[in-house]
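Chains as they are written, first to last, in the UniProt record's numbering: chain A, 1 to 768; chain B, 1 to 768.
It is possible that part of the hints are untrue.
Just so you know, same-sequence chains aren't split out, so a pair can sit in one copy or run between any two.
[What the hints assert, rightly or not] Here are the computed lysine-lysine pairs in the DSBU-like style, where the Cα-Cα straight-line distance is at most 35 Å: (1) 198 - 741; (2) 680 - 729; (3) 651 - 729; (4) 729 - 683; (5) 47 - 366; (6) 476 - 198; (7) 476 - 683; (8) 46 - 651; (9) 51 - 163; (10) 729 - 636; (11) 198 - 366; (12) 99 - 685; (13) 453 - 366; (14) 397 - 337; (15) 729 - 476; (16) 476 - 636; (17) 110 - 651; (18) 163 - 110; (19) 574 - 650.
Just so you know, these hints were derived from the structure itself, not from any lab.
2 protein chains.
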Amino acid sequence: MHYSPGINSLLPLFYVGWADSVLSPSEMKIIRQHVDAMDFLSFADKKQLIKWTDQSNPPSEETYKEWLADIHAGAMKLDLDKKLSLVQLGINIAKNTSKSDDNQIWDSPKVKASIEGLEMALGVDNQLSKVAFYTTIKPEDDTQIEDIAGFDTKKIQAILDGKFAEHKNRTKKLIMDPFFEIPYDLREKDALRNLILKQCKELGKQGFGALAFPEEYGGENSPGASTAVFETMALGNISLLIKFGVQFGLFGGAVLQLGTKKHHDKYLTETGSLGLAGCFAMTETGHGSNVRDLETTATYNPEDQTITIHSPTHTAGKEYIGNALHSKMAAVFTQLKVGEQNHGIHAILVPLRDEKHQELPGITVKDNGYKMGLNGVDNGRIWFDQVKVPVENLLDKYGGIDAEGNYQSSIKKESKRFFTMLGALVGGRVSVALGSNTAAKKALDIAIKYALKRRQFDSLNETTETLILDYPSHQKRLFPLVAKSYALSFALESLRDKFIEQYNHTDKREVETLAAGLKSYASWHATATIQECREACGGKGYLAENEFADLKADTDIFTTFEGDNHVLLQLVAKALLTDFKQEFNDGGFMAVARHVMKRVGTSVTDLNPITVRNTNAEHILSYDFLDSAFEFRQQKLLFTLSDRMRNFLKKKLHPSEIFLRVQNHMITLALAQVEQYIYKEFKAKVRAMPKDAEKDALETMLKTYSLDAILRDNGWFLENDFLTGEKSKAIRRVQNSLYRKIRPLAASYVDAFGIPKVLRRAEIVKEV
Amino acid sequence: MHYSPGINSLLPLFYVGWADSVLSPSEMKIIRQHVDAMDFLSFADKKQLIKWTDQSNPPSEETYKEWLADIHAGAMKLDLDKKLSLVQLGINIAKNTSKSDDNQIWDSPKVKASIEGLEMALGVDNQLSKVAFYTTIKPEDDTQIEDIAGFDTKKIQAILDGKFAEHKNRTKKLIMDPFFEIPYDLREKDALRNLILKQCKELGKQGFGALAFPEEYGGENSPGASTAVFETMALGNISLLIKFGVQFGLFGGAVLQLGTKKHHDKYLTETGSLGLAGCFAMTETGHGSNVRDLETTATYNPEDQTITIHSPTHTAGKEYIGNALHSKMAAVFTQLKVGEQNHGIHAILVPLRDEKHQELPGITVKDNGYKMGLNGVDNGRIWFDQVKVPVENLLDKYGGIDAEGNYQSSIKKESKRFFTMLGALVGGRVSVALGSNTAAKKALDIAIKYALKRRQFDSLNETTETLILDYPSHQKRLFPLVAKSYALSFALESLRDKFIEQYNHTDKREVETLAAGLKSYASWHATATIQECREACGGKGYLAENEFADLKADTDIFTTFEGDNHVLLQLVAKALLTDFKQEFNDGGFMAVARHVMKRVGTSVTDLNPITVRNTNAEHILSYDFLDSAFEFRQQKLLFTLSDRMRNFLKKKLHPSEIFLRVQNHMITLALAQVEQYIYKEFKAKVRAMPKDAEKDALETMLKTYSLDAILRDNGWFLENDFLTGEKSKAIRRVQNSLYRKIRPLAASYVDAFGIPKVLRRAEIVKEV
Ligand SMILES: Cc1cc2nc3c(=O)[nH]c(=O)nc-3n(C[C@H](O)[C@H](O)[C@H](O)COP(=O)(O)OP(=O)(O)OC[C@H]3O[C@@H](n4cnc5c(N)ncnc54)[C@H](O)[C@@H]3O)c2cc1C
Ligand SMILES: Cc1cc2nc3c(=O)[nH]c(=O)nc-3n(C[C@H](O)[C@H](O)[C@H](O)COP(=O)(O)OP(=O)(O)OC[C@H]3O[C@@H](n4cnc5c(N)ncnc54)[C@H](O)[C@@H]3O)c2cc1C
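Given only the sequences and the hints, what does the whole structure look like? Please build it.
Here is the structure:
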């Protein structure tokens with residue numbers, strides 16, 4: 001032994017720390033600070049250790065060899081049956097080399113915590129490093145670290161399940177029933193659709209369809225519970241999920257939200273049980289994103305108090321309409337004409353078929369045929385040729401025709417009425433956002449579990465090959481996605497809260513904007529995650545029996561329906577600009593600009609050169625830093641956007657021209673806004689928790705999510721001088737250290753998603 | 001009119017330039033340089049114009065209004081039936097305001113070129129800007145700009161088609177035949193497989209399967225032509241493509257490349273006509289990427305000169321084997337044991353079925369069932385239970401067993417033999433890279449064509465809605481992908497050249513590495529592009545009839561088979577490190593490091609503060625800048641990688657531990673290497689062209705590709721001080737100006753991919 005016990009306690013860290021790379025000045029500084037604060041070290045120890053942090057005069061080859069020899073010598077005496085962290089290894093060596101009368105100091109939790117502080121700062125708290133020492137001694141089976149529990153998955157699951165745990169459990173129980181199993185080789189659409197219809201009826205029978213309806217119609221008056229059921233059903237077959245959503249959420253939702261008591265009394269109970277199959281006929285071939293300019297007309301006939309529904313052109317036909325082939329009735333969105341005046345978009349219930357399921361006169365329905373996925377859903381096209389319905393069929397909550405044949409509405413402005421009606425339907429968007437995250441979780445559950453079984457290529461351990469989750473590349477592919485699913489869970493929970501809270505408000509702009517942003521973000525997350533997970537499982541991921549095939553194909557459209565993501569994100573940005581203006585009714589544009597400038601300047605206190613350059617891990621993981629990163633980006637993008645628009649306005653450019661010019665800027669701002677929201681909600685949740693292992697586990701997810709968001713956009717942060725190059729690199733190092741922290745807990749993290757084994761149908765991870 | 005004709009000629013540019021945003025100092029400088037050089041301006045004109053470039057004292061509101069009034073006044077007198085660029089608008093105004101005796105100067109091409117130079121420098125050469133002027137005058141139908149031909153698509157197509165145009169045409173002609181059509185609703189795998197088999201036989205009959213074989217076996221001895229056929233067939237059904245690849249490329253390739261004359265004589269002719277259906281059985285359930293540790297054994301029996309093939313465990317069974325259900329024979333990759341010794345992986349021909357298509361004794365084949373895509377290919381699992389074959393069935397080009405029962409090989413080292421055998425099969429990887437790019441092109445062709453038909457939301461023009469390709473967000477989504485497909489075309493052409501050139505070499509490391517890198521890059525490009533194109537077509541993109549469904553599902557596995565991308569990229573990086581070492585056999589590691597340092601320092605001369613800050617468009621579009629960006633990144637990543645590895649080695653870390661630690665660094669380096677290669681090949685191609693419209697068109701693609709690559713990685717470039725924040729932003733502006741240049745030519749760019757209408761089966765873009 002060459003050194004004192006104090007130095008020995010830090011040798012593994014120093015060895016690995018130096019081996020890892022060149023030490024940057026700020027790392028040197030932080031090591032020194034840590035060493036200085038360690039009161040279990042003698043003055044001479046400290047002097048020696050600080051000398052070794054001098055980058056300009058690094059420890060010699062000789063010294064390294066001494067370190068290694070001492071570590072090996074120390075390790076020799078240890079119990080090699082269990083693996084130790086670098087910190088514990090150092091402590092044990094120190095203990096073994098201490099005189100027996102002062103060696104109890106090495107059992108002190110304070111000493112351990114203090115060394116761990118340095119480990120974290122150095123970014124060497126990793127599993128891989130350990131292997132290096134041990135293999136020179138004795139090959140080990142490195143699966144053992146799997147056993148580290150770390151936190152209670154049940155507790156985390158309870159946190160993720162939240163208020164609607166009860167409904168989520170009921171849903172799982174139901175869809176776990178073999179009745180809901182869909183064989184992977186059932187590919188023929190008509191057979192599949194029939195099976196899905198049967199299953200959907202069962203959901204109706206069980207009361208799942210009516211949850212959002214008032215009690216008198218068989219429901220629980222709980223829109224929140226209804227979204228929880230949708231969210232959970234995404235663990236099962238996604239065609240069933242969408243069929244369910246169309247029948248109960250879209251069709252039922254239109255009757256409930258846009259109709260009045262007469263409609264509720266007549267249709268809701270039947271709709272909730274799927275006694276009445278209905279569809280939601282908004283989109284036309286010619287108009288998808290631009291609903292306001294739909295071409296279908298509904299003309300009021302005063303002579304017999306009826307309304308004539310008509311598709312004036314071929315492309316005015318409704319398209320992609322879910323349930324079109326099974327429905328008896330459609331909620332048709334049309335331009336409502338009373339006399340000479342067009343009152344804009346309204347929904348009208350139009351019967352499609354008779355008892356024998358024959359199309360009624362004037363109705364033409366065509367199958368949309370095979371799709372990329374969702375082949376269990378009967379999407380179709382519908383044309384109306386002068387179809388007459390009684391005026392009562394107009395869903396008239398926001399606008400109707402009175403006995404005298406006059407149009408009446410509590411909302412005078414047509415555009416406001418339009419947005420109010422759409423806003424009433426926001427539940428669909430909330431549901432798709434939730435379902436997207438469930439789909440992502442399901443994919444991650446499979447990919448992580450597989451990566452903990454699958455071995456490929458020789459490892460240090462000569463008896464088995466490397467677990468693929470031990471490849472840093474694999475960790476980098478999957479862990480940020482796990483963290484994103486965690487982060488989204490909390491943001492979506494708060495979206496659901498707002499949705500419930502504003503359920504009976506007429507003005508739902510807040511929840512609409514939030515839903516637009518989160519639906520876009522969550523659906524892209526699902527698409528990207530399922531793709532990465534498929535690739536992460538190699539050839540196995542491509543087989544239908546392993547679930548990615550359907551999961552990917554069925555959810556692919558989530559980025560498009562319930563609002564195309566690119567269109568939705570522009571709404572988010574427009575809402576921000578509007579809020580912005582409303583804050584300053586009096587001050588005018590320059591006041592706004594000055595105010596924002598000040599906010600950017602003051603709230604983001606970090607923009608001083610020292611903070612910008614601060615590369616130490618503690619700072620990077622601090623809420624101060626993360627708060628300021630998300631705030632700075634959102635504010636600066638908002639300010640520069642409004643500034644550019646103001647410039648264009650001054651030049652008298654046409655407003656639509658201006659929106660085109662700043663379109664990409666708007667989308668970037670919207671995404672920044674969404675990420676900031678997600679961060680804030682997650683942080684609020686974590687901070688409110690008592691200090692325990694679960695808080696710690698969630699905090700790791702929060703930090704991983706945040707650093708990933710910053711790293712994915714580090715070009716922007718660097719461009720805008722929020723980061724220096726050194727700091728950006730340091731963030732990457734800290735992120736890697738978080739991956740190493742997650743690695744042994746990976747299985748627990750996905751277990752906490754609460755996916756029952758029965759629903760984890762993928763053969764590669766099926767437990768027998 | 002307030003100004004002289006000279007000033008008038010520049011007014012539209014100044015108006016739009018200032019409206020666009022604040023002018024940066026370097027922009028001011030460049031404007032001044034341009035203005036100074038315009039000899040059609042008087043001294044007073046110049047003075048006035050230069051005054052207007054002063055950022056600290058910008059033109060007043062009054063001045064702007066004067067500009068706008070003059071532009072409108074000038075434009076009034078113009079023929080508004082055709083749209084003019086900003087430059088032409090200015091010139092026409094100047095001409096109208098000149099005295100008639102000096103107005104011929106405005107027709108001079110030199111004057112026009114000089115104003116265009118300024119336009120480009122200002123980044124305002126855009127279509128949208130134009131609209132702003134016109135709408136205030138008279139709404140116009142902005143589809144007209146579609147007509148601008150710009151370049152000859154046939155000429156570009158000829159360049160893209162290259163040497164094998166003839167084979168490509170033949171292939172298109174053949175697969176355009178209705179015989180090769182697959183109905184979109186044929187989803188049942190067995191029926192689909194039978195149809196694909198029938199089609200594949202026809203390809204064999206037509207001689208397409210044997211192209212790579214020597215003439216005596218019905219071929220043309222042209223491996224290049226064979227890849228061109230594969231590349232082109234990706235325009236048709238991808239199941240057929242893969243079935244074709246398995247039968248002729250993999251099975252046929254194994255017989256041809258690993259076998260000797262006796263095998264050729266016996267099997268090649270039959271294989272090329274698909275008289276003998278064969279499969280390529282390399283992958284096992286337990287071993288995919290790690291081929292070297294396959295478990296299947298082949299044990300030589302000296303007593304009867306046979307070999308016994310055996311799957312020792314369930315997971316030693318072959319899996320995903322294409323053609324497994326239709327084949328009579330398999331090329332099985334196994335460990336070859338002769339006596340006590342294992343000679344490593346060898347391929348052996350093993351009969352699977354008898355005449356009646358019954359499995360032979362000891363053979364078990366199971367269907368892999370439905371997959372995400374490629375359901376027309378019969379992938380299956382195969383187990384061998386002590387199956388005996390004659391020793392002649394050993395494909396013994398690189399290693400065989402002589403009459404005395406001794407193992408013989410011209411390559412003594414087992415690992416070298418292994419890599420030589422794998423190298424012989426590189427054609428598959430080359431083909432998949434080519435096919436990937438074709439699939440991406442097909443998706444782009446549909447998405448761009450649709451975006452030129454589809455309108456959504458009101459536009460400036462009040463009679464029609466906006467063409468979605470006129471949304472800057474849509475351009476940003478699609479144009480870089482078009483450019484990437486162009487760029488890849490040239491790189492893949494040069495890969496093909498190298499493949500042909502080294503076809504008979506034993507050491508194919510160069511082409512292998514190149515194929516590994518380009519296959520990874522191209523297959524990810526296909527996956528990402530098809531996804532983006534699907535989303536860009538909204539709901540229509542999701543319908544099977546519009547081709548993305550199958551295109552996406554069928555090509556999804558390209559990132560995994562013929563080598564998993566993450567594994568391949570590590571090979572690329574390892575090859576670079578090896579080259580690196582080989583250059584310095586004597587000098588040792590430090591010499592290498594010093595040398596690289598020097599190279600990074602000198603070759604990348606741009607790292608001086610002035611160049612780093614240079615934000616003007618000409619510089620950003622210059623080859624000097626682009627060369628240095630790609631070179632700097634590749635070199636710096638290589639140097640830092642080798643430096644980190646050297647450090648670890650010094651610390652005596654186990655080599656596999658070192659590879660793990662630098663794994664992500666290696667993957668980053670490999671991608672940088674691939675992009676540099678692509679850039680260089682494209683540039684070489686473009687530079688060699690005579691100056692014409694086609695060169696110009698390709699140059700735009702090259703620049704778009706390059707700037708996109710830099711912008712996607714701008715975080716790295718900023719971290720490493722290759723760019724300043726201002727410059728990174730300037731690059732984005734220049735990139736946007738390139739998009740505006742591409743916009744009117746978008747249809748021509750995809751037409752030049754040469755996709756026959758018949759093969760563009762998507763209903764949304766079908767021409768009637
Ligand atoms: C499987 C499926 C089920 C469906 N179910 C129903 C249903 O039950 N009932 C119903 O009414 N509808 C349904 N839809 C329709 C769906 O809501 C629409 O597809 C969606 O709203 C998008 O409209 P679109 O397809 O017309 O795309 P478009 O609006 O034409 O968009 C096409 C592309 O243009 C881009 N784009 C459009 N406008 C802009 C802009 N302003 N700025 C930038 N980019 C823009 C989009 O990003 C998109 O990429 C369904 C669709 C599918 C595929
Ligand atoms: C449709 C289809 C057709 C096929 N056809 C054939 C055929 O005809 N004949 C044939 O022999 N084979 C065939 N294959 C097999 C194919 O070549 C393999 O799937 C492929 O080689 C990958 O192997 P794997 O599936 O075992 O994945 P694995 O090697 O297990 O990889 C799984 C994951 O681990 C990661 N990983 C593995 N090693 C590392 C590492 N060192 N570093 C970082 N990450 C790593 C990979 O990136 C991947 O994400 C086919 C496969 C499919 C799906």
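Hint check:
1. Taking CA atoms no more than 35 Å apart as the test, residue 198 paired with residue 741 passes in neither setting, with 46 Å inside one copy and 54 Å between copies.
2. Within a single copy, residue 680 and residue 729 get their C-alpha atoms as close as 24 Å, and across copies as close as 29 Å, so both meet the 35 Å cut-off.
3. Within a single copy, residue 651 and residue 729 get their C-alpha atoms only as close as 42 Å, which misses the 35 Å cut-off; across copies the closest is 23 Å, which meets it.
4. Taking identical chains as interchangeable, the C-alpha atoms of residue 729 and residue 683 lie at most 35 Å apart whether they share a chain (24 Å) or sit on different chains (32 Å).
5. Neither within a single protomer nor between protomers do residue 47 and residue 366 lie at most 35 Å apart by alpha-carbon distance, with minima of 83 Å and 69 Å respectively.
6. In this homomeric assembly, residue 476 and residue 198 never come within 35 Å of each other (Cα to Cα): the closest approach is 42 Å inside a single copy and 44 Å across copies.
7. Both within a single protomer and between protomers do residue 476 and residue 683 lie at most 35 Å apart by alpha-carbon distance, with minima of 23 Å and 33 Å respectively.
8. Proximity of residue 46 and residue 651 under a CA criterion of 35 Å is satisfied inter-copy only: 23 Å between copies versus 66 Å inside one chain copy.
9. Taking CA atoms no more than 35 Å apart as the test, residue 51 paired with residue 163 passes in neither setting, with 55 Å inside one copy and 66 Å between copies.
10. In this assembly of identical chains, residue 729 and residue 636 lie within 35 Å of each other by CA distance both inside one copy and across copies; the values are 23 Å within and 15 Å between.
11. Within a single copy, residue 198 and residue 366 get their C-alpha atoms as close as 22 Å, and across copies as close as 32 Å, so both meet the 35 Å cut-off.
12. Neither within a single protomer nor between protomers do residue 99 and residue 685 lie at most 35 Å apart by alpha-carbon distance, with minima of 47 Å and 75 Å respectively.
13. Taking identical chains as interchangeable, the C-alpha atoms of residue 453 and residue 366 lie at most 35 Å apart only when they sit on different chains, with a minimum of 23 Å there against 47 Å within one chain.
14. Only within a single protomer do residue 397 and residue 337 lie at most 35 Å apart by alpha-carbon distance; the minimum there is 17 Å, versus 81 Å between protomers.
15. In this homomeric assembly, residue 729 and residue 476 come within 35 Å of each other (Cα to Cα) both inside a single copy, at 15 Å, and across copies, at 28 Å.
16. For the identical chains of this complex, residue 476 and residue 636 are neighbours both inside a copy (29 Å) and across copies (22 Å), given an alpha-carbon limit of 35 Å.
17. Taking the closest pair of Cα atoms, residue 110 and residue 651 come within 35 Å of each other only across two copies (30 Å); inside a single copy the shortest separation is 65 Å, beyond that limit.
18. Proximity of residue 163 and residue 110 under a CA criterion of 35 Å is satisfied in neither setting, with 38 Å inside one chain copy and 73 Å between copies.
19. Taking CA atoms no more than 35 Å apart as the test, residue 574 paired with residue 650 passes inside one copy only; the shortest distance there is 19 Å, against 57 Å between copies.
Violated hints, in rising order: 1, 5, 6, 9, 12, 18; the structure is consistent with all others.
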